[in-house]
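Below, each chain spelled out in residue letters.
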Amino acid sequence: MALLAASLCLAAGCTTAPAPDPTASIGPVRELTARETALLHDAEQILVRDCMRQHGFRYFPLPRNPVPENRSFPYVIDDVAWARRHGYGSDIQRRLAELDEADPNRRYYNSLSPAQRTAALAAINGERPVGLSARLPSGGVMARSDRSCTSAAERELYRDLPTWYRVEHVTDDVVGLWRGQVAGDPAFRAAVGRWAVCMREHGYGYTSPALARAELTRPDQPAGRDREIQVAVAEATCATSTGLAATATALDQHYASQVRRQYAPEFATRQRLELAALPRAGATVSADRGTTTQ
Amino acid sequence: MRTLRTILVGLAAAAALAVPTSAQAAGPTPGAPDGGNSIAFDGNLYAYRDPGFIGLCGAWSWHSSYWPTGCRNQASSIWNNGYPATLDDVNLYWGSSYTGAWACISQGDYWGDLTLGIERFSWGAGLPGYMEPVNNNVASHKWVTTCHQ
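Those sequence lines, one after another, are chains A and B.
Take the first sequence: its letter number 49 is residue 49 in this note's numbering, and every next letter is one higher.
Take the second sequence: its letter number 100 is residue 1100 in this note's numbering, and every next letter is one higher.
It should be emphasised that the hints constitute simulated quantities derived from the structure, not laboratory data.
Here a beta-carbon is modelled for each residue, glycine too, at the ideal position from N, C-alpha and C.
Watch out, some of these pointers could steer you wrong.
[To be verified] The calculated lysine to aspartate or glutamate pairs, modelled on EDC-like cross-linking and capped at a C-alpha distance of 20 Å, are:
1. B:1142 - A:146
2. B:1142 - A:215
3. B:1142 - B:1089
4. B:1142 - A:91
5. B:1142 - A:220
6. B:1142 - A:100
7. B:1142 - A:98
8. B:1142 - B:1132
[Claimed, not checked] Computed from the model, here is a short list of chain A residues facing chain B with C-beta under 10 Å:
9. 100
10. 109
11. 139
Generate coordinates for the entire structure from the input sequences, incorporating the hints supplied.
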């Protein structure tokens, strides 16, 4: 895979010179496991609930993945079995909308008086979106209140809330940037061209997976479930047979690695804060289990 | 299309927002937005024609595939003051009917001054509008599970 990425990089005319590691002085960090990420989520939800309770409101912790089949295919659907079940995922979107309508927090909020709603909203989001800010690599400054139950929960877990807010937003934001670099790479565009030829052979005239998805998921012109699935299955089949899926994966790894080097201090700081928060998260979840099982 | 005067008024309001006054520190006056600079507290996505909560032009508790005239392609500050639920983050789309590239704004987050022109539709590479400025350019929005894509 490294060889493939290197050759793609040559095709794209980029450089591969290793950048100095600016994280060296921060201390050892690593990616979190899926279990650890779930633990942080669960702990934050418990802390938000406790904070809302202190303000006199009920709060029902939100699951991290309310519909586990919900998957993101940022470049192209490459799982034929998934496409056969879900098409472009309109069934999953419907399910999420149903869950949202029945969401206990939504129902609780709607049951409150206008004055109580105002107070509940101020408790969860803060009275004004000021106090925290992050300059995004894609441009602009995002801001949020530092006086809210969301912020209180994150402060309890990560301690340095302003830094947490900034590095979380920066590291999430750059994903969109490297995906743009992938989409602009000549190797990706060539693979999309092969994919479009394959799609024509299946009877579909879409010139890119992005445009196919846009067309098939238009709310004002529903494609119909059968057609949605047929096109999605063709998309996934062609993604594999033309090498688009493999090219996209290799380029994603290449550009992700480049951007992660560029923003190494932010990624390292995020990991450092997350790793330091794990014991606190574990204690929060354990204490809550002890309380709820008594 | 906004005039230079309204832009200057907006910038002044944004400056006021960035440095809270004692009145602001005591908290805003809650209630329904009035199209002026009041702060809205009923769990919606809010769009304003000018920076800093000035000129409310849209408030939505659900998706909108076609922002109304006067707000569509004219919003210069946007606040997700939604309440936590399954769908509580918001994708802001370049095109109507959730088409084209998008930006995402998490629950509680606020874009206070889009007139600087540096905020971009940074998701949806390969779609129309990708990396174009968000200012005066949002046409539709959809509530989603997360901005962490």
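Here is how each hint holds up against the structure:
1. Under the criterion of a C-alpha separation no larger than 20 Å, the hint pairing residue 1142 of chain B with residue 146 of chain A is inconsistent with the structure, at around 26 Å.
2. A distance of roughly 16 Å separates the Cα atoms of residue 1142 of chain B and residue 215 of chain A; the hinted pair therefore holds under the 20 Å criterion.
3. With a C-alpha separation of about 8 Å, the suggested pairing of residue 1142 of chain B with residue 1089 of chain B holds against the 20 Å cut-off.
4. As the CA atoms of residue 1142 of chain B and residue 91 of chain A are separated by approximately 16 Å, the hinted pair is consistent with the 20 Å bound.
5. Distance restraint check for residue 1142 of chain B and residue 220 of chain A: the Cα-Cα separation of roughly 14 Å lies within the 20 Å cut-off, and the hinted pair is therefore satisfied.
6. Of the supplied pair hints, the one linking residue 1142 of chain B and residue 100 of chain A holds, its CA atoms being roughly 13 Å apart against a limit of 20 Å.
7. Between residue 1142 of chain B and residue 98 of chain A, the direct Cα distance comes to roughly 15 Å. Compliance with the 20 Å bound is thereby established for this hinted pair.
8. Between the alpha carbons of residue 1142 of chain B and residue 1132 of chain B the distance comes to roughly 19 Å, so the proposed pair stays at or under 20 Å and holds.
9. Among the interface hints, the one on residue 100 of chain A holds; its C-beta lies about 4 Å from the nearest C-beta in chain B, closer than the 10 Å criterion.
10. Nearest Cβ of chain B to the Cβ of residue 109 of chain A: about 5 Å, under the 10 Å cut. The hint holds.
11. Restraint check, residue 139 of chain A versus chain B: the minimum CB separation of about 4 Å is within 10 Å; hint holds.
Against the hints set out earlier in the document, a violation occurs for number 1 only.
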